[in-house]
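Trainee: Chains as they are written, first to last, in the numbering used here: chain A, 14 to 321; chain B, 24 to 221; chain C, 923 to 1574.
Do not take every clue at face value.
Now the stretches of chain A that chain C is said to cover, found in silico as 3 or more residues with beta-carbon under 8 Å [what the hints assert, rightly or not]:
#1 180-187
#2 223-234
#3 271-279
In case anyone wonders, no lab produced these hints; they're calculated from the structure. For clarity, every value in this text was computed on a predicted model and none was experimentally measured. No residue lacks a Cβ here, since even glycine has one placed at the ideal position from N, Cα and C.
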Amino acid sequence: MKLKMKWILLTMVITISTVLTGCEPLLVLDPKGPQAKTQADDIMLSIWLMLGIVVVVLAILVFVLLKYRASNQPKDYEPPHIEGNHLVEAICVGIPILIVIFLSIVSVKSNYEVEATPAGYEDQEPLIIYASSSNWKWHFSYPEENIETVNYLYIPEDRPIEFKLYSYGPITSFWIPQLGGQKYAMSDMITTLHLAADQPGEFMGRNANFSGAGFAENTFEVTAMTPAEYQEWVEEVHETAPRLTEEKFEELIEPGHLGRSTYTGTHLEFAPPPEHDHGSSDTEVEEDSHSEDHEKHDSQDTNEHSNH
Amino acid sequence: MKVDNSLPLEYSTEENNLKILGFWIFIGAEIMLFATLFTAYFTLVNRTGNGPTGAEIFEITPVLIETILLLTSSFTIGLGIHAMRLNKKKATMGFFIVTLILGLAFLGVEIYEFTHYVHVGAGLQVSAFTAALLTTLGTHGLHVTLGLFWGFFILLQIKKRGLTPETANKSFIFSLYWHFLDIIWIFIFSFIYLKGMM
Amino acid sequence: MDFFDRFAVPHPSFLIYASMVGIGLTMLAIVVGITYFKKWGYLWREWITTVDHKRIGIMYLLSALLMLFRGGVDGIMMRYQLSMPENTFLDSQHYNEVFTTHGVVMILFMAMPFIIFFFNYLVPLQIGARDVAFPRLNALSFWLFFMGMGLFNISFIVGGSPDAGWTSYFPLAGNEFSTSVGTNYYMIAIQIAGIGTLMTGINFITTILKMRAPGMTLMKMPMFTWSAFIANVIIVFAFPVLTVLLAMGTMDRLFGTNFFTTDNGGMDMLWANLFWVWGHPEVYILILPAFGLYSEIIPTFARRNLYGYTSMVASMVIISLLSFFVWAHHFFTMGQGPLANSIFSISTMAIAVPTGVKIFNWLFTLWKGKIEFTTPMLYSVLFIPLFTLGGVTGVMLAMSAADYQYHNTMFLVAHFHNVIIPGVVYAMLAGLTFYWPKIFGFMLNERLGKWTAWTLSIGFVLAFIPMYITGLDGQARRMYTYSESTGFSLLNMVSFVGAAIMAIAFVLLVYNIYYSIRYSPRNIGSDPWDARSLEWATHTPVPEYNFAITPQVASTQAFWDSKKNGHELFKGDIEKIHMPNNSGLPFIMSCIFFVFGFAMIFSIWPLAIITLIGILACMTYRSFEKDHGRYISVEEIKETEKRLRGAKNEGR
């Protein structure tokens, strides 16, 4: 019986460790940016610590089960009556408290890290991208570049990015596992997510929060590229992409799935994001002030730019 | 059924004891219920959408009348229980009748108040604020309505069966309920109306 | 929408039609069977109108087992759908309904009645009482729960199931995005069942506070009773939040209010907050009684007293308090900012401390014991490592920065199944096996029982451990399909195999019940496990008055003392016993509630008003009713006692 248990544990540990350290790294544990790195470090730290706890509990359990099983005791053995021992109980409370304090410190520190401009990028002006979801698409508005894309995201590497998230419809969650954890996009307030990519590459992005029938396919592609390539792309879009009109945008946010598409101009001009304050939330107003002059109306007539 | 005559009538049997404790626990649950409603109300109080704000629709006169009516009724039910302990059946019934009439008057003014809100464009569907306001007030009003029926039934039972351990127990529990509704109203009066009007 | 369109299932499929026919035939067979064997009268007199806590408990148990099957089938369907990439077994809408139903059924209609079964059956016996404080209310609790459950379960054949997840976050669950009546079912059915649960809470707090046997102070109560007491306190404080929340959700859907809508000031986040203000304590309502059961089983088979009684109680009290201050950890990603996240992160991790104390206390209870590996003990022993694994992943999830990566992924799904299955489900099965002889007068087969426990555990590990890994690989929860290129397919197939093995374990359990009914010996006495607390001090089967003489208690393990240390439990003479009368009113009133709920779900207002009047009429009737119960005479008690003592081969 105990053998079986050991066997199960062994399989578990082997499976976990092979998969965690093995050939194909898991997305979350294969960070490509500072925020994801912080999170992956926290995760690995807690996995090892927790594995330690599980092993200790299991060791004690296996030991007492083996030592005190009835078949290992004399027939007339009468177990003693033990009420409890203050020292033992103090240790049982004390050690978990120490572990919790340690993890709390790590957790609080990381909280402030992931909620700020990524470490090492503080001196740079962040690129602001408004990411809004509609059933079941993502719309990315680049106010600075005056570009809007659907279902794909081009970002320059080594530059902090500030995503402003909101939703036309159900609560969604904007998630690029390799760049950092997710955050909700909601219809009545804007949330901010700070990310950065420290190398070029293609990453999976998706809505992680269940939002109805088309949820499974609610994904987008993220490409991080060198600043030069990024600038090239921006210029190309300005030359080739059609202008985003109000009618076109209304059409885009109709429920359904769409491929990738690109426009000049953003919907922010005619459909402002929910930055108004209902007087209820004390959360989002703090750091939005520096990004308000994104009204760069360089409207050019452009041709179709399809990027399917 | 064992009746212990050294205790007040409403506590005189074991079953009565259980019922009173059970009702106190029920009031605990009711406090949570109203606390949740208040939480929702204060979260949504400024989210008026295209509708009016509290300051625009609240009227002091009906609210004051309601408050006086309900506070008085809480006093009279207390007198009723006092009379019941002195084993004065007629007086108990009298105070019950006064309480119920006051409650009914309260309800009447509240219905007027609701029609007023709808009339000035603060109906249930107008905004999150109106929904939260009318739901909170409505839940209290519904409690009062149910209380009126309940009190009336107890009154009939006292009339028919006299002041027995059973009817005394019911009356006492009813008085707890009625005082509780009064306390909730004081919260509504202070934190919804007065705060809203300021 | 056209009136009759509402009743149509939004996505007809073969599975649903087959279930319709199946349910229809089963109902018909049951009705015909009862009529044929002329059991209607028996059913009405002995069960439907009963106010006996033991029978009500058994009805809760039957409901829970039925729902375990229903929720289990849903679970298997989900695992099968995900076992292969691009699987077409279920379409998106159907999958959404299935996982929503699975969640609601397993939490509210399986786990809840299962623990309430234990409350009902055990608490009065453990405290030496004759019944609960309000037997009639208890019957009403059960029937309201039952009707809520029934209402929820007909949704998939009449009008469509809820499809917005068991959390039903608005605005997704609002009229705009959830157009079928499914979410109305969610709002109304859970409301009706929830009112029943709230009454259970009031009832059991009163029972435990006021009806304990002489000498049983609070700190001498058996540990399960303590856990039941705390769980019921949580029920009384948490369920009113749900009541208000569901009422607001109902109003949004049926009366066009704007609590959680996207315009006119509605606030979707309010739903999420209030939902978890109820939802998090709710999971502790489930787990604390489970802890209580382990605290009964482990000392019994370690042949030792429970280590650290006081710290066990203290840790449960602390857990129950903390449970109300951690709700925001369900949505760290909502943008509350680092300060709020840090506070909730720390308060959540703090729960690990009292929980850890409990784990260590169980380990120390085994210390110096004489451990016997019976089936209930096997479940308990498997529970400790598996639950610890679930617990520590909970601590990982509590680290809010890292939670941005775990949230909404299969990692989270793995975590909560990892605590609920070894925590709650194992406890339920262990408790069921442990108390089966007390309830039914024969034991379940030990060999089959151990096979079940091992099969279940192997299935569990295979089904849920892979989810931790796919979660870290970016598999979001509630996706009905995924593409080949994601690389999720192998581990999801393993998961499905695990789920299938778990299904086999449940088949084994059913077979065990069948086998034991046929072959188990019936002369087992009233204390087959050599147990320690009062419920084993009375006869098997338990007479309706529980104890002929109210027991006298002097320690936390009164029955053990009476067996080993010469403590005299039953002093004095038999007196006549006052018992409550049966009543059909709870059942009738709940039936009207059922119709009322149905009318509300489909917005049939005249019917809703008529039934509402019917409910008020029932309450009025109850107010005027004169019912002083009845007495069981001394002679009758003596006769019953003699019969029970004679029929069984008493003592070991």
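Trainee: All hints are to be evaluated individually against the structure, with a verdict given for each.
Mentor: Taking the hints in turn, this is what the structure says about them:
Evaluation of the coverage hint for the stretch 180-187 of chain A: fulfilled, as 4 residues show C-beta separations to chain C shorter than 8 Å, against a requirement of three. Residue count for the stretch 223-234 of chain A with a Cβ under 8 Å from a Cβ of chain C: 7. That meets the three needed, and the coverage hint holds. Coverage of the stretch 271-279 of chain A by chain C is violated [criterion: at least 3 residues with CB-CB distance below 8 Å; count 0].
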